[in-house]
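Participant: Got two chains here, separate frames each, mind docking them using the hints?
The listed protein sequences derive, respectively, from chains A and B. For the first sequence, my numbering gives the first residue as 1, with consecutive numbering after it. For the second sequence, my numbering gives the first residue as 76, with consecutive numbering after it.
Everything labelled a hint here was simulated from the structure, so no lab data went into it. What you were told as hints is all true, and nothing was included just to trick you.
Reference listing, derived: stretches of chain A covered by chain B, where coverage requires no fewer than 3 residues with Cβ under 8 Å from a Cβ of chain B:
no.: 1; stretch: 18-25
no.: 2; stretch: 34-42
no.: 3; stretch: 51-61
Don't be surprised by glycine CBs; every beta carbon is placed ideally from N, CA and C.
Below, each chain spelled out in residue letters.
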Amino acid sequence: MTPKPQRQLTRTQRTTVVIGILCFVLILVVSQLWLLTATMNAYLGGDDDVVWPALAASVGCLLLNLGLLRYLYKR
Amino acid sequence: MADDPRSRDPEDVTVAPDARPMAEQPLWRRDFAIDWPEDNYVARRDFAKFLVLTSGAFVAGQTWIAAKSLLRKHRPPPPRQKIGTLSALALSSATMFAYPTEQDPCLLIRTRDDKLLAYSQKCTHLSCAVVPVLDEGLIRCPCHDGVFDLATGRNLAGPPPRPLPVIELEVTGDDIFAIGVKERTV
Numbered sequence: 001m002t003p004k005p006q007r008q009l010t011r012t013q014r015t016t017v018v019i020g021i022l023c024f025v026l027i028l029v030v031s032q033l034w035l036l037t038a039t040m041n042a043y044l045g046g047d048d049d050v051v052w053p054a055l056a057a058s059v060g061c062l063l064l065n066l067g068l069l070r071y072l073y074k075r
Numbered sequence: 076m077a078d079d080p081r082s083r084d085p086e087d088v089t090v091a092p093d094a095r096p097m098a099e100q101p102l103w104r105r106d107f108a109i110d111w112p113e114d115n116y117v118a119r120r121d122f123a124k125f126l127v128l129t130s131g132a133f134v135a136g137q138t139w140i141a142a143k144s145l146l147r148k149h150r151p152p153p154p155r156q157k158i159g160t161l162s163a164l165a166l167s168s169a170t171m172f173a174y175p176t177e178q179d180p181c182l183l184i185r186t187r188d189d190k191l192l193a194y195s196q197k198c199t200h201l202s203c204a205v206v207p208v209l210d211e212g213l214i215r216c217p218c219h220d221g222v223f224d225l226a227t228g229r230n231l232a233g234p235p236p237r238p239l240p241v242i243e244l245e246v247t248g249d250d251i252f253a254i255g256v257k258e259r260t261v
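Bound-form chain B, shown alone (with noise of 0.2 Å):
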């Protein structure tokens, strides 16, 4: 007979966690006898479906960032727009301007040998506002110490994962253009 207990595997059957008999358990634990090694079994079938769900949704996050990449496709190029002067703007000085909108604050920097440098004003890492040191050729964030290179807006130091997005310039006559913004990973 299949539900005699004698003909069971031996390993299916239960046993308490003191391995004593049933017969020799406390009261409570005859009332309400537990499968231990099926609860076993059922607790671990249980955690492969939560790791299936969590695996839906990192899809659920890609399909996410391919629907963010698809419109970002579709979007106008950022406009060609006036953000200061040259005499407005002495050597070894920075300014600051919101490009391509009025959300997104950048930095005009204007070096020693007289460069003309401009970065977005977020920091890679959680979006604070970075800052020039330009004695140091730097640009620092001071929410968690990143450190960008100020000459090419590279990542040196602390958390950010990326570059500065640049913004790209144009020069004509006295007045300086933005005309771009080049995101950059590495």
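In isolation and in its complexed conformation, chain A is listed as follows (with noise of 0.2 Å):
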């Protein structure tokens, strides 16, 4: 089977494509600040039990944000 060719966008298109990867990558950024604060506040009032929950979500966020990067510098 040939690999299917990859459809050459328009730089408008490739443009929105961007635009919908930036929101994506600006949501997830968002929710880390809100994270981090959140388990900063935890922890400081002695509550440990949030602490790794909240870096395995972090990291989840990063491991997203990284692959939409890649997708973009792929494009």
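Facilitator: As structure tokens, then:
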């Protein structure tokens, strides 16, 4: 089976894709900021239970962001 | 031919900001031709790269908190330490002590109805020293007008995000001992 050739997007289409990806990345980064402040508040209040799940969630957001950035550079 | 400008998508052809053809543009613009749409595209891609770097910085912050949390778990419990005597502390008065280390100032309060309370003196906003106002039943932070409840140590008003840590007390005869620190989020 021959691989399907990648469709060439016009510049306007590419810009739309980039803006969409930017929005996703921005939402993820804002979520990470909220996670960091909430975790810091919990840690300073003596609550250690949320620290590891919050770290896992933040790493997940970073991986997603890296994936989106990679897609952006391949386009 | 791929390089022939006529075969390119019209959207991909660079247009000057004033939309006039290149031949009518001033000499400096012809000499330093910029691909404006491509420039826009690259700027957005660079912004995405910056956001992903920020995302990495947040993960570094979370890792730092997790490491601090691990270290805290392995810290020995605070010692049992004598902090004063009942006879030296009159009703409706307050005094200071340091617990669990010399760098942790605390307040020992004896209320009008002979109840003993002890809190960390560091405001949970920016660690300013808080001041008890016994007549009003409040603890105030003079730096940014933070207000805590005297009876519970809960944050009532102003910027403090958490209640004051409670110092757990034990009274043996006339002696008052601090036996632990209870930090709270609500």
